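**Student:** Here is what each chain is made of, one letter per residue.
There are 2 protein chains.
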Amino acid sequence: MNYEMPDINLKALFLGDKGENADLFKELLIKMVDEHVGWRQNYQPQDLPVITPQDKSSQSFEETADHVRSVMDLLSSKLRTNSLPWHSAGRFWGHMNSETLMPAIIGYTAAMLWNGNNVAYESSPATSQMEEEVGHEFAALMSYKKGESWGHICADGSIANLEGLWYARNMKSLPLAVKEVAPQLVENKSDWELLNMTTEEILDIMGKIPDKIDDIKAHSARSGHHLLELGKWLIPQTKHYSWLKSADIIGIGLDSVEAIDVDHNYRMDIGKLEEKIRELVANKIPILGVVGVIGTTEEGQVDRIHKIVELREKLAKEGIYFYIHIDAAYGGYARSIFLDENNEFIDYEKIDEVYEKYNIFNEKNEWLTEDIYNSFKAMKDAETITIDPHKMGYIPYSAGGIVVKDIRMRDVISYFATYVFEKGADIPALLGAYMLEGSKAGATAASVWTAHKVLPLNVTGYGKLLGASIEGAYRFYHFLQDKKFKVGDKTINVYPLTKPDFNMVDYVFNEEGNTDLAKMNKLNHDFYGEASYVKGNIYHNEFITSHTDFAIPDYGNSPLPYVKSIGFSEEEWEKERKVTILRACALSPYAHDKEVFDEFASKIENAIQEKLENIYNVEHESDNETSH
Amino acid sequence: MNYEMPDINLKALFLGDKGENADLFKELLIKMVDEHVGWRQNYQPQDLPVITPQDKSSQSFEETADHVRSVMDLLSSKLRTNSLPWHSAGRFWGHMNSETLMPAIIGYTAAMLWNGNNVAYESSPATSQMEEEVGHEFAALMSYKKGESWGHICADGSIANLEGLWYARNMKSLPLAVKEVAPQLVENKSDWELLNMTTEEILDIMGKIPDKIDDIKAHSARSGHHLLELGKWLIPQTKHYSWLKSADIIGIGLDSVEAIDVDHNYRMDIGKLEEKIRELVANKIPILGVVGVIGTTEEGQVDRIHKIVELREKLAKEGIYFYIHIDAAYGGYARSIFLDENNEFIDYEKIDEVYEKYNIFNEKNEWLTEDIYNSFKAMKDAETITIDPHKMGYIPYSAGGIVVKDIRMRDVISYFATYVFEKGADIPALLGAYMLEGSKAGATAASVWTAHKVLPLNVTGYGKLLGASIEGAYRFYHFLQDKKFKVGDKTINVYPLTKPDFNMVDYVFNEEGNTDLAKMNKLNHDFYGEASYVKGNIYHNEFITSHTDFAIPDYGNSPLPYVKSIGFSEEEWEKERKVTILRACALSPYAHDKEVFDEFASKIENAIQEKLENIYNVEHESDNETSH
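Top to bottom, those sequences are chains A and B.
Per my numbering, the first sequence starts with residue 769, numbered consecutively.
Per my numbering, the second sequence starts with residue 769, numbered consecutively.
Only chain A is shown next, with the shape it has when bound in the complex:
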């Protein structure tokens, strides 16, 4: 850049709640299209156009063009009829969706015109270079060592998590393969010791025998053997179905998955984790790995990663080792709030000072606790991390990503095919041989690259956007706290689930005095019906939210204190066995602004009032009678 990075104004980065920036959007879109067309025109300008004016005047051309126009009308109608208005600055408090970054949309469209396929460098030099840069940026975001780490874009978080598990599975099996191929290198080790070698030790051994690597890989889990010897894959109890699917696909199977209880704040219970590990170890069952989550899908909570890392360090002294994969699909970009303008992790003591300098929060920083700080800090110690640009990167779907701490691990899963492999390149000539997928859009890389250029992954860029999102979530959280609605002769109270670790706010409505949990669940399920596509005509809906169930098979008794705090007995909980929760991902890039939020607060309060009245079949009262 030959200009100073400006103090970012988020309002210049989005199309706008009411399309306010349509002029800028179209200016840039058309510029990129025109520059692409110019490039086509000037490739071998001696070639005349193959589509002539006469072609364009022909009847079949005009009929075909009109056919295309009609299909576009149909497409536009369908999109406008059945899409969700998540673009709203303050009425959409539901799914993990919102406006995406204007530069990312335009970057995607522009690169799509060139249609590179990042599976191989030779078919996409421009966008492959961009993906390589994005990988380095991801690594810097995680404070992984420059030059020794790696990352790439993938289809989505499920695929990234699956790739992480693939890495873990193959890594864990390598010592067993070494024992078969080059036993002298591990001759003093028992099988138990082989299955508890650290990732670094394993990679160091591999580095010593480059000529045997292919043979060792052929004896690793990729052969189809050893899969059931690798031990257990430990995931949080609030297990996302994608983890079960991953264990199924990767062949270790669901029987190798163990869920670790979450605590009452929906974070992995580290005490229970240690207990489970010790129990397994006592039965001579190794630990394949542990998954920590930064931003749980249903609650937005942040696992105490530093505690997992500390536990690993403690157990290492007893000869126990496990791989750590972090599912930061949702929360990964939030690490940018902790990096200063040089991408250094900010000292805890200095953080408020930095936040003030960069206007990370409009008002006070009430979000950050030392535990959240330490959780994000410790991410650097995990082997692999999933991060989804299409979530908190504000990039359009679909763009996932994975970051790998030690680049040497890349060779553990790699394949080669001659037709796309050129030797001597820094960038993998055939990226498809180093990842789970094959062909992939260069446009995705361009989109993410463009967004990262506009918003660096630290407090000067994304930190500001993530701060806005968290502050918006806290506004919504405070809006809900102690809120009461009078509906006919009933009073409906609102109960937020937890103080958010991130930018998700879960909550329930309950009738004052109601002690019947099934009745409360029905109320919240009905409310979701009123505040979602279920009722139809979502375009006219004035307040939109999403919902989920916390049920005993997935959550155990972790919701019990919350359920009790609302006024239900333990017997009620044991009878109903679930609580239906309303769930708001607070992604709006505008709602952190007090004025904007307050403007919408009174509107959504009225909308909620009306929905509750619909549910209770109460005639709508005039707005000024609504309780505040």
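Do not rely on the hints blindly, as some may be mistaken.
Just so you know, same-sequence chains aren't split out, so a pair can sit in one copy or run between any two.
Claimed, not checked - Derived DSBU-like pairs (lysine-lysine); straight-line CA-CA distance at most 30 angstroms:
1) Lys824 x Lys1125
2) Lys1362 x Lys824
3) Lys980 x Lys1007
4) Lys1362 x Lys1125
5) Lys794 x Lys824
By construction, these hints were calculated from the structure, which means they are not laboratory data.
These numbers come from a predicted model, not from an experiment.
With chain A fixed as given, assemble chain B onto it according to the hints.
**Tutor:** Relative to the frame of chain A, chain B by itself:
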């Protein structure tokens, strides 16, 4: 449609070699953006814009907007500097890339503005419906029974193939699981019989015990057990590395993969397939499945699917059964050349008549043989088929797809998660529970849906485009046949590899009289260097191609007859062990036109001449001395 489907003019469907349709492209692009902006404006019009005129006049807004403009300049420069000119009507004869359909690009961009996530219906009603429609269209393309089959979009062909293998693995293991959970249902069957049950038999049994399905699934391969009992996965010898990767990931392992020799036309040798199956069966090793390929990655060849199906029928009488998965990632869309306007598979006797009616070929149909016809026809008997819209669907990357013959198979891999699952919907409420990936772009579905609306998957639509591509390939094939170049005192001959089964043309250059295979390989490798990004400044390159190696570890001796036909001895082949091939995917939607092709033919002939002279360090002769 309230208008008659026009006789499609392909020239109205692409941006154009020289951007000739830039006006139409921008008209439609801006229309879709404007209609999106209008939708934003009119969602709750009582809400005032949150981005005010004052915001837009502020210094930070202007600085941020200028920052975005600068990043766009950088992006445009990088794309223009390092991209491939595959848009050329007649100079790019290399990778599997070309112009993509204008309506698909615009459809993608339009839907990206709404940013649906097709993982769940409730977060993307419009584009989820489109994906459902596309699935039905894929099924109809394969002549799968309406209402009994299913398909969906996925990230790419590797993922689709992996999903196919996942289906095969879990299906094959179900009888073993039934034996554990409900032994009475299979009590007369030996383990061998259980592992040779047909897909239909297995699904019929599952249908009888709906209340036991979850338990049976829990005992299937998804548990992590039975993986090594399922037998061998048979793939063609020209094995794409993605198949090895798939076997690795899915846990059956590389040791469960067997390669079946290809014949001298690079198609699976069905005699060898039967031999291998009988050899395995004699050793009591079951056959997990067989992969047939419609359009091999390196040669574009078409496996004789009907022979694989016939073999399965024959072996069924001996109690042997195997799953068939077809990798039609490349060639799948070509089945549209065989479907009439009612999507009925055309009788072989009537096909030329239909082609004439719909102008599938400008000139004669010299491509189609009865074997190719029967290969495509028999696809309907395979359990699963991979088809990539981003290949011959002329859709931008990345868009893959998978089609499933029997919709009941869907439940064999499915998962559920409460937060996105609504009961009673026709369309999976949570598509992510029925496929390998999770979050995915609704825009991809919109892009494919739009293309299919413009070009139906039969002779009235895609058939015409695919026909053009094949005819273009044949023009290039004939252009190369018997071509000679005089370079100094040497004569360089051209040798096409085979009569193409589809639209790929492989070829080599050789010096007249040269009997040194290493020397020929070097010539072709050097030629690739001259005709690719390797030399730099690809934008000024007047002829572009790609290359590959056919080496003994992957191809055995199948290239030997070709190598001998050029003039090399068997000893040469055994010494060099590989032949370097130049490879042209003929995807241009314009080059089928004789006038267009002839115009470019003389230009690329000169360009080839010049490249050969560079390689031989011969001074460039004037054009009219070039041999023809």
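**Student:** Please flag the earlier hints that this structure goes against, numbers listed from lowest up.
**Tutor:** No hint contradicted; all consistent.
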